[in-house]
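Here is what each chain is made of, one letter per residue.
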Amino acid sequence: MSISSLVKDLRDKRISSEEILDTYFKKAYIENKELNCFISISEEYTRKKLANSKIESELSFIPGVIKDNINVKGTISTAGSKVLENYRSPYTATVVKNLGNFALIGKGNMDSFAFGSSTENSGFGVTKNPLDKNKVPGGSSGGVAAAVASDLVLFGIGTDTGGSVRQPAAFCGLVGLKPTYGLCSRFGLIAMGSSFDVPGIITKNVTDCSIVLNSIAGFDSNDSTSIKVAKKDYTKFPKLDNVKVGVMKFPQDGVSREVLDSFDSSIDTLKKMNVELIDIDFKYINYSLAVYYILVPAEISSNMSRYDGIRFGDHPKGGYSSISDFYKDARDKFEDEVKRRIMIGTYTLSQGYFDAYYNKATQVRNLIKMEFSDVFKDIDFLISPTTPTLPFDIGKKINDPLEMYLSDIFTVTANLIGYPAISIPNKKFGNLYSGLQIFGRPFEEDRLLSLSYLIESKLWR
Amino acid sequence: MEIKTIVGLEIHVQLKTETKMFCSCSAKYFEDDANTHLCPVCLGLPGSLPVMNKSAIVQAIKAGKALNFTINLKSRFDRKNYMYPDLFKGYQITQFEFPIDTDGHVVLSSGKRINIYRAHIEEDTAKSIHDKEYTLLDGNKAGVPLLEIVSSPELFSKEEAKEYAKKIYNTLRFIGVSDCDMEKGQMRFDVNVNLEITKNGNLYKTPICEVKNLNSFRSMERAIEYESKRQLDEFEENGIVLAKGNKTTRGWNDNLSKTFFQRDKEESDDYRYFPEPDLPPLILSEAFIKDAISSIDILPTDAYNSLINKYSLSKDIAELIIEERDYYDFFMSTSLKYKNYINLSNWITTEILGIIKEHSLNISDIDKYTLIKILESIDKKIISVSSGKEILRSVILDKTNVDILIEKNSISSDSGKVDSIINKVLVSHKDTVEKYLEGKEGVLGFLIGQVVREMDGRVDPKDVREKILVVINKIYKN
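Going down the list, the sequences are from chains A and B. The working numbering applies: residue 1 is where the first sequence begins, and numbers increase by one. The working numbering applies: residue 462 is where the second sequence begins, and numbers increase by one.
Simulated from the structure, these hints should not be mistaken for lab results. Glycine included, every Cβ here is placed at the ideal spot set by N, Cα and C. Among the hints, erroneous ones may be present.
Here are the computed distance ranges between Cβ atoms for each label pair [claimed, not checked]:
no.	chain 1	residue 1	chain 2	residue 2	range
1	B	K645	A	N86	35 to 41 Å
2	A	D325	B	E492	36 to 42 Å
3	B	S821	A	K228	28 to 34 Å
4	B	T596	A	R331	56 to 62 Å
5	A	A356	B	S821	20 to 26 Å
6	B	N674	A	D325	25 to 31 Å
7	A	N359	B	I754	32 to 38 Å
8	B	K489	A	D12	53 to 59 Å
9	A	N359	B	S677	27 to 33 Å
If we take Cβ atoms under 8 Å as the criterion, some of the chain A residues that face chain B in the derived model are [as the list claims (entries may be wrong)]:
no.	residue
10	A191
11	S221
12	T225
13	T269
14	A298
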């Protein structure tokens, strides 16, 4: 089932809005026991919200999932962490408001505060990959991807700071779009790395993705990093002539055979489509992951400091007997990966280390930006694999943070430079897919979706 | 031994704006219930984002102009990270590396120029209310825009420090950048003090000490005074001199008039500043700065100069009039109708300011027509100066009608009546007249007073004096 087909059924009265809600909530309760893709199921909220609602848009009554680090007033928004267990936001994120009267089925499970690539760091248990339940669904938007992949919803909104939408989309055989930084509002997204975070979209196909982007994109005066650009209809895929696609050269260590194989086959597909392919050997891109893991923890260490235990998290009845008890309780609520990143970021921002780490990394980030803008003078798009491997087994990398960080190697660059990037399912291996990542020019999501649509129809339709 | 006190001042002022620095909550919270001016942004709730308040930036530009700063086309906000319960986000948004205003100065009455390093915009914190058992937080103040003005350490006495601070205070109030009401916490001082001691031809500098959070001119002066003495005692006792890392922070206890140790450098915070990723750099256009500056109709220095040059007022009087924008406005609007400027300014600075200060009134509440009417009536000899003063007081305090009072107190035009009363008074006080004739000229005042009283004040004492003298000379001298 896709968004457009359900919209058609709804408009032709083959299904009523009540039937949609009944069916999808029933499925959600059953499947969630197995998959653990929702931290909370939003039936009460949604039935109340949609009572007396009419069809207003393409997304009216369409079941969707919102990642749990995106605030929705009237639901609980935990950001996947025990620190915000039972936290009710008094306001709703702009992107959720923009979605209108869609049917929120549940809030998606995630690595706590979006720190992770497997959803294993959630304070509320791991989510299973619906395609193979021994595998991780990817992360940090793993719950969102699993819910879309198992047909519990037709679309999901996640957040992407270093690949958190594209990587789980790839692991679950879905389309995942990270829009240009500034196209979609961050207001109401519980911040991770503020200069990297964007809301992103996970759907089953490119057309659905463009429908959702139509509704969430747009300037927001509540977000000072939001950018005013002319409104586009992303469902109208523009015609692409004389397209030049860059093919990223990358070191092949650590990249699995399946991924290399499927990347080759997508190159073949593009060749058959008569696009011009240009090999691109970046000078600075090998530093992306290092730069990312310096700058993002720095921003994280600051963004996390509001969870000091005073305002968020429960206090024991009768209070604490000492300040050290208070500190211990407040700090113990943080999951391990959260503590790790706060410590790294606090260190790199410290006096005496700031220049060597934060400043140096910022300089390299600028070099990478400049290099991309140079390269994109000669190409329209750039392709790479989305992930270095197929989905890995649950538990396999959880005790090896560096190995886990490497799963972001292809995705972090788009966040460093703010460019849009999409992952679309590539070749199938058993039940699993590998993902093809395509970068576009900033604010040219229409062209990026257009190319993705063409490849999608050639690759596996 | 020669001792020189060196003072640098950091002044925090709340900028006068309708809303807070980064959200649309009202910034006018004085005496409102605790925690009624709050939203997700100033409470630092997850997912909220700051949006710059344009009018706070305009105010910072106006302050920049009035204090002779370079106003930077490009500045930036940074995060200052530290944990304290009154800091909801765990960081303060401030301008660290690139402040909006740099290299300003003011000139003291001695002609000495005091350089000001910088002025930057930041957000205020919440208010902590400490009790024995608990601490309460009031977030109404959290996120109110502040301007921090950092002087260079060129103030060499508590008097200079006070004059400098007063100058900033008057200037910012005059152009409406801040009300600087210290009782409301709208202006606070941090003072950095140390001594330069010349002893046996050698120069010693004592370690710098910062006394934080002083909220009156008086406590600032006393803290400087106390520190100068304390540091001298300490130097004589242990001879420790200024070195890298031996700056200390002290607090001020107003009841004991003492500073007290808070922390030394080793314990001091590392604020881990970095650029605020939620805000783009603040890029100002020349046109925006020009517009902001043009919203200042007149700078206090220009107002002062025009009072002296155009209105021929004395320096002392001009100084009094520009002390408050309202005084200046009052003078300017009354001077449109009443052209004896020196007389007008004397009446404003002595009579009007006397009454409003005594009764805590605002000059803006005083009807300009009243003063003009009284002054004109005095000039036309309709009323005497002394009844003019009484009428003014009565109109201001008792809200009586000025025209009726002038009518009631008008000097009698019936000169026959004055003459007959003079004759009556001289006859019934023959002894006094004798004394006058014996050369005790001081008694004349008594006789004048008696006549004025008999006339219910409706007579000009100067006229009475002349007339009495005529009569005495004519009749009694023979």
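Right, here's what the structure says about each hint:
In this structure, B/K645 and A/N86 meet the distance hint of 35 to 41 Å, their C-beta atoms being roughly 38 Å apart. A hinted range of 36 to 42 Å holds for the C-beta pair A/D325 and B/E492, which are about 37 Å apart. A hinted range of 28 to 34 Å for the beta carbons of B/S821 and A/K228 is inconsistent with their spacing of about 51 Å. As the Cβ distance of B/T596 to A/R331 is approximately 20 Å, the hint placing it in 56 to 62 Å is violated.
Between A/A356 and B/S821 the CB atoms are about 59 Å apart, so this pair departs from the stated range of 20 to 26 Å. At roughly 30 Å, the beta-carbon separation of B/N674 and A/D325 lies within the given 25 to 31 Å, and the hint holds. For the pair A/N359 and B/I754, the supplied restraint of 32 to 38 Å holds, since their beta-carbon distance comes to about 35 Å. A hinted range of 53 to 59 Å for the beta carbons of B/K489 and A/D12 is consistent with their spacing of about 56 Å.
Our hint of 27 to 33 Å for A/N359 and B/S677 is violated, since their Cβ atoms are close to 41 Å apart. For A/A191, the interface hint holds, the least distance from its beta-carbon to any beta-carbon of chain B being 7 Å, beneath 8 Å. Using the Cβ-Cβ criterion of 8 Å, the hint placing A/S221 at the interface with chain B is satisfied: the shortest such distance is roughly 7 Å. Satisfaction of the interface hint for A/T225 is found here, the shortest Cβ-Cβ separation to chain B being roughly 6 Å, below the 8 Å cut-off.
At a threshold of 8 Å, the smallest CB-CB gap from A/T269 to chain B is about 38 Å, leaving the interface hint violated. Taken as an interface hint, A/A298 checks out: its beta carbon lies about 6 Å from the nearest beta carbon of chain B, inside 8 Å.
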